[in-house]
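> The listed protein sequences derive, respectively, from chains S and Y. If you're matching positions, the first sequence starts at 48 in the working numbering and goes up one per residue. If you're matching positions, the second sequence starts at 48 in the working numbering and goes up one per residue.
In case anyone wonders, no lab produced these hints; they're calculated from the structure. By construction, the Cβ of each residue, glycine as well, lies at the ideal position given by its N, Cα and C atoms. Just to be clear, a hint being listed does not mean it is correct.
[Said to hold, decoys possible] Listed next, with one range per pair, are the computed distances between beta-carbon atoms:
{"hint": "1", "chain 1": "Y", "residue 1": "Gly174", "chain 2": "S", "residue 2": "Ser147", "range": "36 to 44 Å"}
{"hint": "2", "chain 1": "S", "residue 1": "Ala214", "chain 2": "Y", "residue 2": "Met76", "range": "41 to 49 Å"}
{"hint": "3", "chain 1": "S", "residue 1": "Ser100", "chain 2": "Y", "residue 2": "Pro231", "range": "29 to 37 Å"}
{"hint": "4", "chain 1": "S", "residue 1": "Ser72", "chain 2": "Y", "residue 2": "Gly103", "range": "47 to 55 Å"}
{"hint": "5", "chain 1": "Y", "residue 1": "Gly216", "chain 2": "S", "residue 2": "Ala214", "range": "27 to 35 Å"}
{"hint": "6", "chain 1": "Y", "residue 1": "Gly174", "chain 2": "S", "residue 2": "Gln70", "range": "46 to 54 Å"}
One letter stands for each residue in the lines below.
There are 2 protein chains.
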Amino acid sequence: MAPAKVPPTTVQRLPVYLRCLVQASAMHMPVVNSVQIAEMAGTNAAQVRKDLSYLGEFGTRGVGYDVDSLITHLSKQLGLTESRRVAIIGFGRLGSALQSYPGFEERHMRVVAVLDADPAKIGTSVGGVTIESVEDLAAVVTRERVEIAILTVPGPAAQEIADHLVAAGVRAIMNFAPVRLRVPEGVEVRQADLAGELQVLSFHLNPRTAAV
Amino acid sequence: MAPAKVPPTTVQRLPVYLRCLVQASAMHMPVVNSVQIAEMAGTNAAQVRKDLSYLGEFGTRGVGYDVDSLITHLSKQLGLTESRRVAIIGFGRLGSALQSYPGFEERHMRVVAVLDADPAKIGTSVGGVTIESVEDLAAVVTRERVEIAILTVPGPAAQEIADHLVAAGVRAIMNFAPVRLRVPEGVEVRQADLAGELQVLSFHLNPRTAAV
Numbered sequence: 048m049a050p051a052k053v054p055p056t057t058v059q060r061l062p063v064y065l066r067c068l069v070q071a072s073a074m075h076m077p078v079v080n081s082v083q084i085a086e087m088a089g090t091n092a093a094q095v096r097k098d099l100s101y102l103g104e105f106g107t108r109g110v111g112y113d114v115d116s117l118i119t120h121l122s123k124q125l126g127l128t129e130s131r132r133v134a135i136i137g138f139g140r141l142g143s144a145l146q147s148y149p150g151f152e153e154r155h156m157r158v159v160a161v162l163d164a165d166p167a168k169i170g171t172s173v174g175g176v177t178i179e180s181v182e183d184l185a186a187v188v189t190r191e192r193v194e195i196a197i198l199t200v201p202g203p204a205a206q207e208i209a210d211h212l213v214a215a216g217v218r219a220i221m222n223f224a225p226v227r228l229r230v231p232e233g234v235e236v237r238q239a240d241l242a243g244e245l246q247v248l249s250f251h252l253n254p255r256t257a258a259v
Numbered sequence: 048m049a050p051a052k053v054p055p056t057t058v059q060r061l062p063v064y065l066r067c068l069v070q071a072s073a074m075h076m077p078v079v080n081s082v083q084i085a086e087m088a089g090t091n092a093a094q095v096r097k098d099l100s101y102l103g104e105f106g107t108r109g110v111g112y113d114v115d116s117l118i119t120h121l122s123k124q125l126g127l128t129e130s131r132r133v134a135i136i137g138f139g140r141l142g143s144a145l146q147s148y149p150g151f152e153e154r155h156m157r158v159v160a161v162l163d164a165d166p167a168k169i170g171t172s173v174g175g176v177t178i179e180s181v182e183d184l185a186a187v188v189t190r191e192r193v194e195i196a197i198l199t200v201p202g203p204a205a206q207e208i209a210d211h212l213v214a215a216g217v218r219a220i221m222n223f224a225p226v227r228l229r230v231p232e233g234v235e236v237r238q239a240d241l242a243g244e245l246q247v248l249s250f251h252l253n254p255r256t257a258a259v
């Protein structure tokens, strides 16, 4: 029996485990143990066992986890048995890169709508999707049943668009704009912070302040 | 006195605090307290105080932190008083988006080299940098004193290039390829996992498995 509540830090690691398992499956490994998963995931075996225990008891002590059934189980837990419907708002270089990002399709993320504010882009077709006006946001979200929005708009525009997304019923936003969005309870925002990631690396390069 | 060791989870939050402080400075706030930083950073005040305490004692109880001196201090801790020299390996759509990513310059990340394997791209100029051959990686890293490498190459090429980067002396890699890199002790890798981020959002959308 999977408990209803999984800690957020565990949730963050589940996609990593899923990716490792897909790799194991591609290498024709029928069974993996927690040490192997930890090795691939860059964590430790105790952590793996603890994280997976939140999802229920389906490993066999001394043997390991059946790769295919764990993939199925994790996919279900991650809501990946059917494709999630994704909209990209802002079709600049980053939006364009994300729209063709190969990792999305294979992980059941389907870009069903692309929106932009530039009249020169609106109406053009990209990867089977026609770019629509950001002014039609609410209508597009409803028509395409958008579940996840990826925001790749300039910083100053991000909050207003996020407000419109939330009003249109979107409950999950991946934000690449360099501003922190304010959203109501029940809406989940992931903040992509590419410069911040580099700053973490930079911190590591500083011998006086290297992390433990 | 700042202790020599800062926990990795704290390190990850420092760029967020720095961004909040830069925002506060832009709003002409001379002083902020931990509650305000927490509000902007999406965390809690106790966490902020604890994180900042690792860097030394420079807040004033009941008053708060001097914004400008905390920016200076955090920048120094993050090694940002001088620009970090960044190379982008792989100039596809994502590499191109990152090369012009506005957040980098303002956070002292300077793209000094761009490399690709495509003869059609090599020799062309992008944003003041001439694209060079990935075969000349070691020479470029040395000449440009590259400190941080951003990998936006196809998955199967990533490990080999990472090996060359490490051999050339690079100790910090931001990896956008959908594979987990193996690097020796002392080299730091940040794994960008855009599809994984969406999967975390997806998990949140699943009512049976919503995170606590």
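> All hints are to be evaluated individually against the structure, with a verdict given for each.
Quick rundown of the hints versus the structure:
Against the hinted window of 36 to 44 Å, the Cβ-Cβ separation of Gly174 (chain Y) and Ser147 (chain S) comes to about 21 Å, which falls outside the hint. Look at Ala214 (chain S) against Met76 (chain Y): about 30 Å separates their beta carbons, and that is not inside 41 to 49 Å. Checked against the hint of 29 to 37 Å, the C-beta distance between Ser100 (chain S) and Pro231 (chain Y) comes to roughly 32 Å, which is consistent with it. The supplied range of 47 to 55 Å is met by Ser72 (chain S) and Gly103 (chain Y), whose beta-carbon atoms lie about 49 Å from each other.
Checking the proposed 27 to 35 Å range against Gly216 (chain Y) and Ala214 (chain S) shows it is violated: the Cβ atoms sit about 51 Å from each other. One distance hint, 46 to 54 Å for the beta-carbon pair Gly174 (chain Y) and Gln70 (chain S), is violated here, with the actual separation near 35 Å.
The structure shown violates the earlier hints numbered 1, 2, 5 and 6.
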